Amino acid sequence: NAGVTQTPKFQVLKTGQSMTLQCAQDMNHEYMSWYRQDPGMGLRLIHYSVGAGITDQGEVPNGYNVSRSTTEDFPLRLLSAAPSQTSVYFCASSYLDRGGQPQHFGDGTRLSIL
Amino acid sequence: QQPVQSPQAVILREGEDAVINCSSSKALYSVHWYRQKHGEAPVFLMILLKGGEQKGHEKISASFNEKKQQSSLYLTASQLSYSGTYFCGTEKRSDYKLSFGAGTTVTVRA
Numbered sequence: 001n002a003g004v005t006q007t008p009k010f011q012v013l014k015t016g017q018s019m020t021l022q023c024a025q026d027m028n029h030e031y032m033s034w035y036r037q038d039p040g041m042g043l044r045l046i047h048y049s050v051g052a053g054i055t056d057q058g059e060v061p062n063g064y065n066v067s068r069s070t071t072e073d074f075p076l077r078l079l080s081a082a083p084s085q086t087s088v089y090f091c092a093s094s095y096l097d098r099g100g101q102p103q104h105f106g107d108g109t110r111l112s113i114l
Numbered sequence: 001q002q003p004v005q006s007p008q009a010v011i012l013r014e015g016e017d018a019v020i021n022c023s024s025s026k027a028l029y030s031v032h033w034y035r036q037k038h039g040e041a042p043v044f045l046m047i048l049l050k051g052g053e054q055k056g057h058e059k060i061s062a063s064f065n066e067k068k069q070q071s072s073l074y075l076t077a078s079q080l081s082y083s084g085t086y087f088c089g090t091e092k093r094s095d096y097k098l099s100f101g102a103g104t105t106v107t108v109r110a
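These protein sequence lines map, in sequence, to chains A and B.
Under our numbering, the very last position in the first sequence is 114; numbers go up by exactly one each time.
Under our numbering, the very last position in the second sequence is 110; numbers go up by exactly one each time.
Rather than coming from a laboratory, the hints here were simulated on the basis of the structure.
A portion of the hints provided could be inaccurate.
[To be verified] Derived, one-sided and incomplete: chain A residues facing chain B with beta-carbon distance under 10 Å:
| no. | residue |
| --- | --- |
| 1 | ALA2 |
| 2 | VAL4 |
| 3 | PRO8 |
| 4 | GLY40 |
| 5 | VAL50 |
| 6 | ASN62 |
| 7 | GLY63 |
| 8 | SER67 |
| 9 | SER94 |
| 10 | LEU96 |
| 11 | HIS104 |
| 12 | PHE105 |
[Said to hold, decoys possible] Pairwise CB distance ranges (calculated):
| no. | chain 1 | residue 1 | chain 2 | residue 2 | range |
| --- | --- | --- | --- | --- | --- |
| 13 | A | ASP97 | B | VAL43 | 18 to 24 Å |
| 14 | B | VAL43 | A | VAL50 | 43 to 49 Å |
| 15 | B | PRO7 | A | LYS14 | 18 to 24 Å |
| 16 | A | THR20 | B | GLU58 | 46 to 52 Å |
Treat the numbers as computed from the prediction; the structure is a model and nothing was measured.
Glycine included, C-beta positions come from ideal geometry on N, C-alpha and C.
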């Protein structure tokens, strides 16, 4: 099994450009989420999903959109990139079991916005 | 809201012990602990579900005081491989959001 696959691994954008970070998992996990990691601030939840067609906001959702059309995929869209969105982005997935399931993380996407 | 972790950083010599604390202002349903090596993804260590529950992973163990909404991670007889940043993640009873603290950087020296 590949686990959680994120693409691309690195990306440089110009301010105002749009792009989609891809996340796919092959473990049939119901729960998927996106985090951003900035120095000194840990992992902050952007959006999450408990199943296909169901998404909800996390702690820092502004500037990001998500959709979940299949169980396997959970793309994160930046509509108009800003320098403040320079960060490392992690996608994670797990079975949907209240509190009892470990999160499986992808390797991350390192995004720089100039 | 993100849970609060302390200390921010700790430096140990091999064989020494350390405690990392995690606290929340919200009633908690579970606490997760992860370790992240530099440039890598976080890796799962353990989950605590019940108040007062303790779990262990090699010489790394944790406790969860549900009444105080606090959890502590215990690094016992630390090894060089324990170096990394430790994150606690907390989940409330009302939703599925898993919120992480800012992390505690642990450096173990020979």
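Taking the hints in turn, this is what the structure says about them:
The beta carbon of A:ALA2 comes no nearer than 14 Å to any beta carbon in chain B, farther than 10 Å, and the hint placing it at the interface is violated. Because the smallest distance between the Cβ of A:VAL4 and any Cβ of chain B comes to about 8 Å, under 10 Å, the interface hint for this residue holds. For A:PRO8, the interface hint is violated, since its Cβ never comes within 10 Å of a Cβ in chain B; the closest pair sits about 15 Å apart. The criterion of a C-beta within 10 Å of any C-beta in chain B is met by A:GLY40, whose closest approach is roughly 6 Å, and the hint holds.
A least Cβ separation of about 6 Å between A:VAL50 and chain B falls short of the 10 Å threshold, and the interface hint therefore holds. Given the 10 Å rule on beta carbons, the hint for A:ASN62 is violated: about 16 Å separates it from the nearest Cβ of chain B. For A:GLY63, the interface hint is violated, the least distance from its beta-carbon to any beta-carbon of chain B being 19 Å, above 10 Å. Nearest Cβ of chain B to the Cβ of A:SER67: about 18 Å, over the 10 Å cut. The hint is violated.
This hint holds: A:SER94 has a C-beta 9 Å from the nearest C-beta of chain B, less than the 10 Å allowed. Against a cut-off of 10 Å between C-beta atoms, the interface hint on A:LEU96 holds, since the closest Cβ of chain B lies about 7 Å away. With a cut of 10 Å, the hint placing A:HIS104 at the interface with chain B holds, because the nearest CB-to-CB distance is about 8 Å. With a least beta-carbon distance of about 4 Å to chain B, the hint placing A:PHE105 at the interface is held under the 10 Å criterion.
Distance hint check for A:ASP97 and B:VAL43: the Cβ-Cβ separation is about 19 Å, which falls inside the suggested range of 18 to 24 Å. Taken as a hint, the range 43 to 49 Å is violated for the pair B:VAL43 and A:VAL50, whose Cβ atoms sit roughly 23 Å apart. Restraint check, B:PRO7 to A:LYS14: a C-beta distance of roughly 39 Å breaks the suggested window 18 to 24 Å. Under the hint 46 to 52 Å, the C-beta atoms of A:THR20 and B:GLU58, about 39 Å apart, miss the expected range.
Hint compliance for this structure: hints 1, 3, 6, 7, 8, 14, 15, 16 are not met, and every other hint is.
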